[in-house]
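Asker: If you read the protein sequences in the order shown, they are chains A and B.
Quick note on numbering: the first sequence equals residues 1 to 650 in the numbering used here.
Quick note on numbering: the second sequence equals residues 1 to 650 in the numbering used here.
It should be emphasised that the hints constitute simulated quantities derived from the structure, not laboratory data.
A portion of the hints provided could be inaccurate.
Any copy, or any two copies together, can satisfy a pair, since identical chains are not distinguished.
[Stated by the list, open to error] No farther apart than 30 Å at their CA atoms in a straight line, the calculated lysine-lysine pairs in the DSBU-like style are these: (1) Lys123 / Lys344; (2) Lys421 / Lys403; (3) Lys378 / Lys418; (4) Lys114 / Lys344; (5) Lys421 / Lys114; (6) Lys421 / Lys87; (7) Lys114 / Lys418; (8) Lys421 / Lys343; (9) Lys115 / Lys343; (10) Lys418 / Lys336; (11) Lys213 / Lys403; (12) Lys114 / Lys343.
Remember, it's a predicted structure, so these values are computed and weren't measured experimentally.
Next come the chains, spelled out residue by residue.
2 protein chains.
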Amino acid sequence: MQGYFPGDTAVHRHIFIEAVEPAVDAGQYPVKRVVGDTLVVAADIFRDGHELLRAQFCLRDLCRPESEASRTQLLHFDNDRFQGETKLTCNTDMVFVVEAWTDVYGTWLQELSKKVTAGLQVKSELSEGAALLQQALASAQQAPGAADAAALVALLQSLEAAQGDGHRSHALLHRTLPRRDLVRTPPYPLTVDRPQARFSTWYEMFPRSAGSKPGVHATFFEAQARLPHIATMGFDVLYLPPIHPIGITHRKGPNNALVAGPQDPGCPWAIGAAAGGHDAVEPALGTLEDFDAFVAAAARQRLEIALDFAVQCSPDHPWVQSHPQWFYHRPDGSIKYAENPPKKYEDVYPVNFDTEDQEALWAALLNLLLFWVGHGVKIFRVDNPHTKPFAFWQWAMAEVRRKHPEVLFLAEAFTRPKVMKLLGKIGFSQSYTYFTWRNTPAELRAYLEELTQAPMCDFYRPNFFANTPDILPEILQTGGRAAFKMRLLLAATLSPSYGIYSGFELSENAALVGREEYLDSEKYVVRVRDFSAPHNLCGLITRINHIRRENPALQHLQGLQFFDTDNPNLLAFGKRCADNIVLVAINMDPHQVHHGTVQIPADFFGKGAWQRYEVVDLLDGAVYNWGQDNYVRLMPDTQPAHVLRVEKFL
Amino acid sequence: MQGYFPGDTAVHRHIFIEAVEPAVDAGQYPVKRVVGDTLVVAADIFRDGHELLRAQFCLRDLCRPESEASRTQLLHFDNDRFQGETKLTCNTDMVFVVEAWTDVYGTWLQELSKKVTAGLQVKSELSEGAALLQQALASAQQAPGAADAAALVALLQSLEAAQGDGHRSHALLHRTLPRRDLVRTPPYPLTVDRPQARFSTWYEMFPRSAGSKPGVHATFFEAQARLPHIATMGFDVLYLPPIHPIGITHRKGPNNALVAGPQDPGCPWAIGAAAGGHDAVEPALGTLEDFDAFVAAAARQRLEIALDFAVQCSPDHPWVQSHPQWFYHRPDGSIKYAENPPKKYEDVYPVNFDTEDQEALWAALLNLLLFWVGHGVKIFRVDNPHTKPFAFWQWAMAEVRRKHPEVLFLAEAFTRPKVMKLLGKIGFSQSYTYFTWRNTPAELRAYLEELTQAPMCDFYRPNFFANTPDILPEILQTGGRAAFKMRLLLAATLSPSYGIYSGFELSENAALVGREEYLDSEKYVVRVRDFSAPHNLCGLITRINHIRRENPALQHLQGLQFFDTDNPNLLAFGKRCADNIVLVAINMDPHQVHHGTVQIPADFFGKGAWQRYEVVDLLDGAVYNWGQDNYVRLMPDTQPAHVLRVEKFL
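If we strip away everything but chain A, and leave its shape as in the complex, we get (with noise of 0.2 Å):
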């Protein structure tokens, strides 16, 4: 509503541009990009009357401010949609503007080629363009160096003698006509992630438990013998839960029991001892050397850490003493330890965002992010963000990213829909999902097809954990094995980025009962696992993700389209990316046999009329001659999915 009156030039404008795409809520927050990705740009863009437009976007880096803006020309393709795109080629933080204005010389162009055609007099037409070229000089004149001035002159002159070059001649008048009418777009921002930001596939493990004799606490020392198995699996991101000290007062025993042992080893998330807080190491598990040392390790086999970051402190983290303003404080003095009314979590004090003491408790948070950033953590697994102020988030990862744009955060929010989307929204790099829960056929789809699908696609990247710490889902408990390898293979093929906790390549599915916990969490006590022990799911872990690394399909969120089956058991989907085309199909039962028709669309592979053609089947090797109707017929421990890349076409 804002006032428009004669004379206010802001409102008196003629062009307008709207429906600008790429936007997450009109622009109001960034979309997500990757490095190497093609920026696509497009707008509704239109004014009064019949003149021409020409249109351009400008794409601004914001860390490199005094860096030229990029601009990239738009073009009208149909029905008022201009479109552009330009490569994406930094790991920053961008904004790009679309501008507009009236194509002055093209319209007379235009006019006049219809007169000229119609064979009508033009000569008042001609001293219109010869104004418009004396603007075009006069304004050349003005500009710093003559050299489209001196181009203009030729120009007239060839004009006189009939003999325009009208190609140069139209490029030229462009570059040097004033932008009449021009408008600008408020700036649409953009987070240029490094890829790994929508491609990675995760392993989850307590260090603690690296050890070989049942319930010895090992060292990162010790765990450090874990790393080349598991990159040979094919991971690329070991995300540990806290390394920190861990608190004496109220430690929870093995099953979250009230009281612990004297040798049991605490939950990693009651954070701070005496031995320190957020910035220090267990001692059980090593130094801050040892922790060094462990990174560099890792890196050895390009395996990056991610660190659990979880604001919240042990009664005996260092800050409930230095600090105690920054919890809260009951009237009778007391401080509130989490609940969940009426769970009670009376190892773990919340700290209060709101305290009046603030900017401090906000700069030592953000400080530890970059303490760690520093010790060559690039990835933070982010414990519960939807319990802490959205605004905090927005700005610790906004000033982390200022210096080191190549730092991802992984949002651990399972809560309502909304609140997980704005999580996104405001910078979590990647997101944890409702995919534990989505069993049927006709859930997985309709979930993955919101996510993948604009908006949600722009601003949320998913990460599909098949099971976590805190979650074995129903379906790994009574599934068996074939459970695991199903879930397994839906996560490591429906999600660009994935992951599973430690034990799930042993099919560990003990659980208490009625309960999606584990039975004996590794939370509270430290495991020893025989990762050689028979059927373990390693092979089949190694196999997926190397599929995953070859097939740019998979490493992508778009470019998924489901298919109808005649079983509702079985899942089918395609995933394509350019010429990578992957077709999978999965059995959803993890009890029975299931067969039935996979039914291809023709348009999925932008095809006119209906054609076979030759896929492979990257899990066993198989060779099948598939088309539009195909028969699939899949054995729940044996050949549950069907992995296959279209070869060629027949």
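Here the structure of chain A is known, so what remains is to put chain B in place on it, guided by the hints.
Answerer: Quick look at chain B alone, frame taken from chain A:
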């Protein structure tokens, strides 16, 4: 991309408000409603953490800035979506904002209840509650009037006596506690028109053709004789092409001939002559007083006059001499006439809205509108608004509505879809449409589904003209009287506003060969008609307009649902408004009888199981017993459609 730093309270917010509805382009343009509508406001509202929220929307009348904003509570109904509603009672421009804040008291009470239920100690929690009461008391004591303070003291005393009245104390505390974490959206604009903006029935006529002698120009006085018949047929808007003096220079003859004969009346859109410009009346029609008398006579028949507003001048318009700077001049000094190369309109000069004398020109144009408003004109049909600056219309319409919110504007723009939509966004009350060129059930269904659903239904009000002096569509040229009936019934039932142009009731369909133009178009000649000629459609027109007045379902744009049929020549749909349900089936082939089955899904009636119901055909009174699949047989000339009202469920 705001700066977010600790201490910047604007971004330290906990609460987010998203997806506010209704809104056009996120609040950039007003949503359209009419007096009597219920305004339903909804928004996604959520915060970090587990605290409860309260929300309201505040509605303010922009034309009465001194008046208090009305406040309506938004209640949570599902998935973080809040909703509330209020009745719109005043024809005015409004804005609403949505506000939300943390429900400190409710959150405390909820946690307390959970703990009490679980049998936990709540001593600390009670001390927190007491602190809340003290805070509320402090606020109440500072506020004017001590009523709440006294009530709070009583509440504190009753709590001490453990006999608090939960319900009353809840409301009291919400009123008195400060609204913590308060956030407020930007204002969302809203235009509340009079009801005729949505529901209106138009008749277009050239008053000069109201005589009885062929070729003799009629006067306003003679045209008064037509008013009772037009009113009896059920029309409520009588739209007149320009009534101003018609230019002599380059006047067009019959069928747009380049040279006019001495008796040729000229085209009314070539405005301006010695007798005056846009504020004068063509002498052959009478005087300004005669026009006033015509308006008054129409009003007595409950007919409103809509005037044409065509911003263009004949070469004889007074402005050409008095304000030459308002026109386009070529370098050789000549004034540009209108053209669409290679077509030329030598009898019309376009106006240069970008003239350096813009302020005076725009003011003069606004004054023309206000002049005719002063003569009782409250509806303008604006000629080709898309060839004049959007900014002019936005300004001029807002200026008129500021003093005369009852004035309506119909945009006669037949152009590209996004341009037509923008005209609706910037303030046109109604718009011409593509209806005339949508001839198959599939085309109409797709088009109506766009028109009647958000976002378009919130800013674009269609007016379905079945014909205009410029458009005699092919279907009417080839389909004979049956086509006229079919198109009349479609327009009148699909759109709450529709219109016909004089001669439609006589099925006039002589066209220029291969064109959509009338042969001997009334734009250039005087016509005389016998409206009592055999086979006239006046009876059907009267009937359908009566049906429209009796059935609210036909007066609204929304509430439309199409039904599948098994014959591609049959279009079937239902419209509902509260208890009023109208079902329509139309044979869209004017040449052949068609029959088939209309399939009405049970969910149209919002009923779970299937039920039969009684319908009455409002066109002929026949009664049928309908259900899910209903056989219809429709004869082009004798029974082209059923227009059924659901009478009762059986």
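Asker: So, for every hint listed, does it hold in this structure?
Answerer: Verification of the supplied hints:
In this assembly of identical chains, the alpha carbons of Lys123 and Lys344 lie at most 30 Å apart only when taken from different copies (16 Å versus 89 Å within one copy). When the C-alpha separation of Lys421 and Lys403 is checked against a cutoff of 30 Å, the pair qualifies only within one copy, where the shortest distance is 25 Å, while the shortest distance between copies is 45 Å. Taking CA atoms no more than 30 Å apart as the test, Lys378 paired with Lys418 passes inside one copy only; the shortest distance there is 27 Å, against 46 Å between copies. Taking the shortest alpha-carbon separations for Lys114 and Lys344, only the inter-copy value of 12 Å comes in at or below 30 Å, while the best intra-copy value is 80 Å.
When the C-alpha separation of Lys421 and Lys114 is checked against a cutoff of 30 Å, the pair qualifies only between copies, where the shortest distance is 29 Å, while the shortest distance within a copy is 53 Å. Taking the shortest Cα distances, Lys421 and Lys87 sit within 30 Å of each other inside one copy (27 Å), while across copies they are farther apart (33 Å). In this assembly of identical chains, the alpha carbons of Lys114 and Lys418 lie at most 30 Å apart only when taken from different copies (25 Å versus 54 Å within one copy). Taking the shortest alpha-carbon separations for Lys421 and Lys343, only the intra-copy value of 27 Å comes in at or below 30 Å, while the best inter-copy value is 55 Å.
For a Cα distance limit of 30 Å, the shortest separation of Lys115 from Lys343 across copies, 9 Å, qualifies, whereas the shortest one inside one copy, 82 Å, does not. Proximity of Lys418 to Lys336 under the C-alpha cut-off of 30 Å is restricted to the intra-copy arrangement: shortest distance 28 Å within a copy versus 57 Å between copies. Taking the shortest alpha-carbon separations for Lys213 and Lys403, neither the intra-copy value of 43 Å nor the inter-copy value of 87 Å comes in at or below 30 Å. Taking the shortest alpha-carbon separations for Lys114 and Lys343, only the inter-copy value of 10 Å comes in at or below 30 Å, while the best intra-copy value is 79 Å.
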